[in-house]
Amino acid sequence: MHNDSIYNDKICDESTYSTYIHQNGMHHNDIKVLRDHIILANPNLGTAENTDKWWLLGTSGCHLCDIAEQIIMQFQAVQPITYKNVDIADFDESLMMAFATTIPVILTPSKRLNYPFSVMDLQQLLT
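Sequential numbering of the sequence shown, starting at 7, is according to our numbering.
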């Protein structure tokens with residue numbers, strides 16, 4: 007088990023994420039690289055309309071993912087953000103397994119937020 011403190015942090019930005027190592031040994035230099043890996047797994051995310059969106063990583067049947075989506079919708083009532091549901095079942099096995107025990111996860115173009123989170127945590131993603 008990895009005891010790196012970054013596993014316990016709720017919000018990872020590009021500078022803190024540079025030291026993050028997935029359990030399967032994949033190194034990611036920053037959030038952009040992670041998003042690029044996800045785009046490779048799901049090319050539809052690489053379109054211009056999805057570039058600046060927040061991505062809610064989850065899968066069908068995940069009740070925590072449903073709760074996370076409700077929190078995002080509450081946040082949208084006060085902050086005009088756009089997001090896209092991204093199903094980790096569409097990823098290759100190693101990438102899917104990297105998220106299997108951490109979903110739901112929000113990825114913005116520059117930050118990552120692991121569940122559990124609140125509307126206030128979402129507000130911090132904008133700073």
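A portion of the hints provided could be inaccurate.
Computed cross-link-like contacts, DSBU-like style, restricted to lysine-lysine with a CA-CA straight-line distance of at most 35 Å [what the hints assert, rightly or not]: (1) K90 with K117; (2) K90 with K38; (3) K117 with K59.
None of these hints come from the bench; they were simulated from the model. In this text the structure is predicted, and so the values were computed from the model without any measurement.
How the hints compare with the structure:
{"no.": "1", "hint": "K90 with K117", "in the structure": "15 Å, holds"}
{"no.": "2", "hint": "K90 with K38", "in the structure": "16 Å, holds"}
{"no.": "3", "hint": "K117 with K59", "in the structure": "12 Å, holds"}
This entry satisfies every hint, going by the numbered hints stated previously.
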